[in-house]
Amino acid sequence: MNKSLLTAACTAGLMAFSGAQAADQASNDSVKIGVLTDMSGVYKAIEGPGAVIAAQMAADDFGGQVLGAPIEIVSADHQNKADVASSIARKWIDQNHVDMLVGMDNSAVGLAVQGLASEKNTITINTGAGSSELTESQCSKYGIHYVYDTYALPVGTATAIVKNGGKKWFFITADYAFGHSLRDNTSRVVKELGGEVLGSIEAPLSSTDFSSYLLQASGSGADVIGLANAGGDTVNSIKQANAFGIVERGQKLAGMLVFLTDVKALGLDTAKGLEFTTAFYWDRNDESRKWSQRFFDKHGAMPTMVQAGVYSSVTHYLEAIRAAGSDEAAPVRKQLGEMQLNDFFVKNGKIEANGLMSHDMYLAQVKTPEESKSDWDLLNIVSTIPAEKAYIALSDSACPLLK
Amino acid sequence: MSLNAILAQTMLGLSTGVFYAMLSLGLAIIFGLLNVINFAHGALYMLGAFVALIGYSYLGPWLGFDDYHMGFWTALIVAPLVVGIFGMLIERFLLRRLYAFDHIYGLLLTFGIALILQGILSNYFNISGTAYPAQPDVLSGIVNLGFMYFPKYRLFAIVFSIVVCFATWFVIERTTLGSVLRAGVENPKLVEAFGINVPRMVTLTFGFGVALAALAGVLAAPIYSVSPLMGADLIITVFAVVVIGGMGSILGAIVTGLGLGLVQGLTQALYPPAANTVIFFIMVVVLLIRPAGLFGKEV
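Protein chains in written order, with the numbering used here: chain A, 1 to 403; chain B, 1 to 299.
Derived by calculation from the structure, the hints in this document are not laboratory data. All values reported here derive from a predicted model rather than from experimental measurement. Beta carbons are placed, not taken as given, at the ideal position from N, Cα and C, and that holds for glycine. There's no promise every hint is true.
Claimed, not checked - Here are some of the chain B residues that sit facing chain A, going by a computed Cβ distance under 10 angstroms: (1) THR130; (2) PRO133; (3) PHE150; (4) PRO272.
Unchecked claim - Computed spacing ranges between beta-carbons, pair by pair: (5) A:LYS403 with B:SER140: 55 to 61 angstroms; (6) B:PHE280 with A:LYS163: 43 to 49 angstroms; (7) A:LYS163 with B:LYS152: 32 to 38 angstroms; (8) A:GLU370 with B:PHE111: 55 to 61 angstroms; (9) B:PHE281 with A:THR384: 47 to 53 angstroms; (10) B:SER140 with A:ARG188: 35 to 41 angstroms; (11) B:LEU107 with A:ASN342: 25 to 31 angstroms.
I would like the entire structure built from these sequences, with the hints used as guidance.
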């Protein structure tokens, strides 16, 4: 054994000892964070391996330990199945002493795991799922919803478009809970602003060809075709709308949920001009650029809003443990609720009693190929949507915890 | 629904139908002549699209020629060749060992190959799809058909695929080469006695069926995004088409492919929630009435 290794071993031993002596301490001598995400399916690019990298960066930047205990990041693939996700979460919490779960894109997974973890006194921070149910009727004691929800998404996009004259809307809706909720929330915004909803087509999830639906939407005489879908469905809809010259002939497309990786997949030629709401864009200011470049060096792609949200939420979680002097769910959750969240991802964010992290959102527009100067130079941030407009007011929330 | 709308949906259905036809044609050739249920067909279609994408976006930089982009027309020839050769290697070194056993072994082997190909490509590429930017300028833009605006490229894809399908049918059913091929399946010993190398013929035939899938993949690349799962999404539907048409029937594959594309197109207009399942509904009905499929030979 060489000398430096021996020194390291001694130091580690000493640290463990001093940690055990301290008044504040972590349970089971470590703080374990589980990244439960889609490592192989449709949401891989949005959250997936990039989220694991982001969580690890947060742990490393924090110094690798909190309250004298090492921070450990574990990860698993939930395969977009609620039952698989639940059994992983159960095992993590019961046997591996995981203290917090982050990720969980896919609303079915998010809702299942959040309920289960709260019962077992474990904090979950959902960064990927859209359903506003996470903080509405299915809210729970230790469940936090961090990046975006189906209530916030249409607010910026639909408001901007209706104000610019896009009064008559027609929806192409992904035919499952997420799509329906996105369509209903968007319709609400459109109608509130004096717009009109002409109709909606429920397209089966993961259709390869949307041209038939697009043509029907186009034939409805609407000004705006609202896409209440996500991922591959959105990408295919936009691509095919472009091929059929629908945008060229004067109708506007509005993507209700668009990720940076979708824009990348479409290419600027096809996506140019598309407006959508996002919680984060890497090139917004110096702070976000600096972090994103570090992320890019590790991941090979710029971060989506979800991946940036994982870093931000893990960091704030660790700060809360330090401030609370414990990694028990109750004091940490209380601390998180009292903190003001400030970093490159969120300004003056606040975690409400129902678990919603309310924060400013941004209206983004895809650049034209001429405007774009580099590979990932894809968006212009058009305006900021203040938190109180973007998210449902606490007084209107249906969360039973508030009663 | 107005007449214009029906015509428009018919065109759209046709543009889906040609892909069904080309893929089920390849499957029918491979099954009809080799008795192999090729579950890797969808993955090989996907591979065709990826050869085109990689040729355009990555090949140049890999080889050190940053300015080189393999164009669409080149890809239309290169991708079927490359994937066809890959298919022949599969036949020569893997499938051939299984001919003595039940069909199910070939099915499992090809299914495994499909999973491996999808897994490898999912590891390196964006699963929600990558744009294929090499659609030729001559084919970009839309034409006014009177009842609708239709992308020129889709029109080209429809015509091109129909020509390829019927040319294939003609070669197999109406030429000497085709009759030798069919005879080789019926009675390999006899055909070998005429000095024809039957195993090599089988390898080439498998390669041709696979090349058809790759050709469809290249044609699909500009319309849909190129994604590792594009074949997996399609293959189950295409198998339903083959079953409805009659396993192994060449004409059945082409005609039902086009026909079911049309049915699906009209369903998308009339009752969208059933669009992804209507083909399976038809399959059930056909199997109840004619177990051998519409064009299949009754046993």
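Against the structure, the hints come out as follows:
no.	hint	verdict
1	THR130	6 angstroms, holds
2	PRO133	6 angstroms, holds
3	PHE150	8 angstroms, holds
4	PRO272	5 angstroms, holds
5	A:LYS403 with B:SER140: 55 to 61 angstroms	58 angstroms, holds
6	B:PHE280 with A:LYS163: 43 to 49 angstroms	45 angstroms, holds
7	A:LYS163 with B:LYS152: 32 to 38 angstroms	36 angstroms, holds
8	A:GLU370 with B:PHE111: 55 to 61 angstroms	47 angstroms, violated
9	B:PHE281 with A:THR384: 47 to 53 angstroms	50 angstroms, holds
10	B:SER140 with A:ARG188: 35 to 41 angstroms	39 angstroms, holds
11	B:LEU107 with A:ASN342: 25 to 31 angstroms	58 angstroms, violated
Violation of the numbered hints given earlier is confined to hints 8, 11; the remaining hints are satisfied by the structure.
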